[in-house]
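Those protein sequences? They're chains A and B, same order as listed. So the first sequence is numbered by my numbering: it starts at 29 and just counts up by one. So the second sequence is numbered by my numbering: it starts at 29 and just counts up by one.
Rather than coming from a laboratory, the hints here were simulated on the basis of the structure. Just so we're clear, the structure is a prediction, and the values are computed from it rather than from any experiment. One or more of the hints may lead you astray.
[As the list claims (entries may be wrong)] Simulated crosslink set (EDC-like; lysine to aspartate or glutamate; CA at most 16 Å straight-line):
(1) B:LYS178 <-> A:ASP250
(2) A:LYS240 <-> B:ASP242
(3) B:LYS239 <-> A:ASP243
(4) A:LYS239 <-> B:GLU249
(5) B:LYS178 <-> A:GLU233
(6) A:LYS235 <-> B:GLU85
(7) B:LYS78 <-> B:ASP52
(8) A:LYS179 <-> A:GLU104
(9) B:LYS178 <-> A:GLU249
(10) B:LYS239 <-> A:ASP92
(11) A:LYS178 <-> B:ASP242
(12) A:LYS75 <-> A:GLU104
(13) B:LYS215 <-> B:GLU249
(14) A:LYS240 <-> B:ASP243
(15) A:LYS178 <-> B:GLU249
(16) A:LYS179 <-> B:ASP52
(17) B:LYS178 <-> A:GLU50
(18) B:LYS240 <-> A:ASP242
(19) B:LYS188 <-> A:ASP242
(20) A:LYS178 <-> B:ASP92
(21) A:LYS188 <-> B:ASP242
(22) B:LYS220 <-> B:GLU85
(23) A:LYS220 <-> A:ASP149
(24) A:LYS239 <-> B:GLU265
(25) B:LYS179 <-> A:ASP250
[What the hints assert, rightly or not] Each pair of labels, with its calculated beta carbon distance range:
(26) B:VAL128 <-> A:ASP212: 48 to 58 Å
(27) B:LYS215 <-> A:ASN46: 50 to 60 Å
(28) B:GLU249 <-> A:THR108: 24 to 34 Å
(29) B:SER225 <-> A:LYS193: 26 to 36 Å
(30) A:ARG263 <-> B:LYS235: 46 to 56 Å
(31) A:GLY51 <-> B:LYS248: 43 to 53 Å
Using N, Cα and C, we set each Cβ at its ideal position, and we do this for glycine too.
Number of protein chains: 2
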Amino acid sequence: MALTNIEKLIAKAVKDYNLIEEGDRILLGASGGKDSTVLAWALSRRKVWKNPNFTLEALRIAGDVPGGGMDAGGAEALKTQFDEWNIPLHTVHVSIMGSVKQGHSMNCYWCSTIRRSELIDYAIKNNFNKIALGHHLDDILTTLLMNMTKKGEIATMIPKLQYEKYPLTVIRPLALVLEQSIRDFVKSMGWKAGTCSCSYGADGERKLYQKKLDDLTNGKEDAKRLLFASMSNIRREYLIPNELVAKLG
Amino acid sequence: MALTNIEKLIAKAVKDYNLIEEGDRILLGASGGKDSTVLAWALSRRKVWKNPNFTLEALRIAGDVPGGGMDAGGAEALKTQFDEWNIPLHTVHVSIMGSVKQGHSMNCYWCSTIRRSELIDYAIKNNFNKIALGHHLDDILTTLLMNMTKKGEIATMIPKLQYEKYPLTVIRPLALVLEQSIRDFVKSMGWKAGTCSCSYGADGERKLYQKKLDDLTNGKEDAKRLLFASMSNIRREYLIPNELVAKLG
């Protein structure tokens, strides 16, 4: 059973960023979408052939945003798929619509905040020490561009992040994998992966920034990898020192 | 004589980055284009009303790239303009076409390298300690994006750079000024500023990246200022440490 290209990139990220350690109890956030599905499959294979030993389970947060999740058939199919890969799949039901505070409207940011908080809660209660998320290279770069142009800071979602508030580490084993590779792979495997078709996210900022990322890099892998590498190659001598930041307006 | 908005931003850059000091002998690179022309005008005004005292002269590098410079009439008009502003304008003639090495073709990078080297040479020989260049905010951001996606590093042209090899400091007093403000200002003053219409630069990378910058920021000033600020706001904890850079391929 040869390693796929995606698995090689996962292996590289796991090694370089020390994502998986002996005895880890890893909870994977499973949305039914292509990213977390590919990640589940790859980690389940890795568990079979690779030391260190780790436990892998998955949690699906079933929300109530119209069009934002799977129907009963989709949930059933996901369960079957995860069973095949020997990944216990748990489900919690959450009212995301009901959690929106008065005067606020539903959006991707709020929905993912609620989901993340449920995932954290479940992980802590069930003694997991790591949460595996399906964010890929394009997500990391999109976040970088959003942070630079909307928050004025150079920061992103990193492959490994220890929460300050919780005894939990977030890992992103797909950090080096292009979104297009995931799309191609899902297609080649004939898997049906859901996409969130909730109307609240249709004009989401992240989608706009995915377009901006492709404009900036011409959608080319080499430019994306250089952009990723730039975050680790900060030439302080060719930047303006923090204490000299021009405060305008 | 009220300060224009451009002069206020120049004053801010001069102060924040300590660009001009008592007794400075500043040589301005004058191409006849809008950027260096606006800078010359603003610095000549500043010289009149503002301490510290400094000397300001300008150098035009007249090249031989077809369409890449001014005709005799343009050069005459520039001289008249600089005379009005009491800026001594010197001219050196350089064969840029003749300097292209065999097997290489002319391009913007080579042309600007030759011009810069002449400017440095002239400054040293004539006892200047600073070179003022007309790069503006958009140039600085374009360079940042080019460095990130083509060289894999976070770096740009900074407002003040002390050369390692020469007793010279480069200053960029327009660092906080948007290109559009310069365009608008030149128009409002009725100045005729040349644009380089040399055919070698027509499809230049920098032009492509100016478009990418506008795609990324929607051409909006606030997004550009945040992008600029991000270079001084590097959140190391949300970046991948240098020693963990994934070396691919």
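Going through the hints against the structure:
no., hint, in the structure
1, B:LYS178 <-> A:ASP250, "9 Å, holds"
2, A:LYS240 <-> B:ASP242, "10 Å, holds"
3, B:LYS239 <-> A:ASP243, "9 Å, holds"
4, A:LYS239 <-> B:GLU249, "20 Å, violated"
5, B:LYS178 <-> A:GLU233, "25 Å, violated"
6, A:LYS235 <-> B:GLU85, "50 Å, violated"
7, B:LYS78 <-> B:ASP52, "13 Å, holds"
8, A:LYS179 <-> A:GLU104, "41 Å, violated"
9, B:LYS178 <-> A:GLU249, "12 Å, holds"
10, B:LYS239 <-> A:ASP92, "41 Å, violated"
11, A:LYS178 <-> B:ASP242, "14 Å, holds"
12, A:LYS75 <-> A:GLU104, "24 Å, violated"
13, B:LYS215 <-> B:GLU249, "20 Å, violated"
14, A:LYS240 <-> B:ASP243, "6 Å, holds"
15, A:LYS178 <-> B:GLU249, "12 Å, holds"
16, A:LYS179 <-> B:ASP52, "37 Å, violated"
17, B:LYS178 <-> A:GLU50, "38 Å, violated"
18, B:LYS240 <-> A:ASP242, "10 Å, holds"
19, B:LYS188 <-> A:ASP242, "32 Å, violated"
20, A:LYS178 <-> B:ASP92, "44 Å, violated"
21, A:LYS188 <-> B:ASP242, "32 Å, violated"
22, B:LYS220 <-> B:GLU85, "21 Å, violated"
23, A:LYS220 <-> A:ASP149, "29 Å, violated"
24, A:LYS239 <-> B:GLU265, "27 Å, violated"
25, B:LYS179 <-> A:ASP250, "10 Å, holds"
26, B:VAL128 <-> A:ASP212: 48 to 58 Å, "44 Å, violated"
27, B:LYS215 <-> A:ASN46: 50 to 60 Å, "57 Å, holds"
28, B:GLU249 <-> A:THR108: 24 to 34 Å, "53 Å, violated"
29, B:SER225 <-> A:LYS193: 26 to 36 Å, "59 Å, violated"
30, A:ARG263 <-> B:LYS235: 46 to 56 Å, "24 Å, violated"
31, A:GLY51 <-> B:LYS248: 43 to 53 Å, "50 Å, holds"
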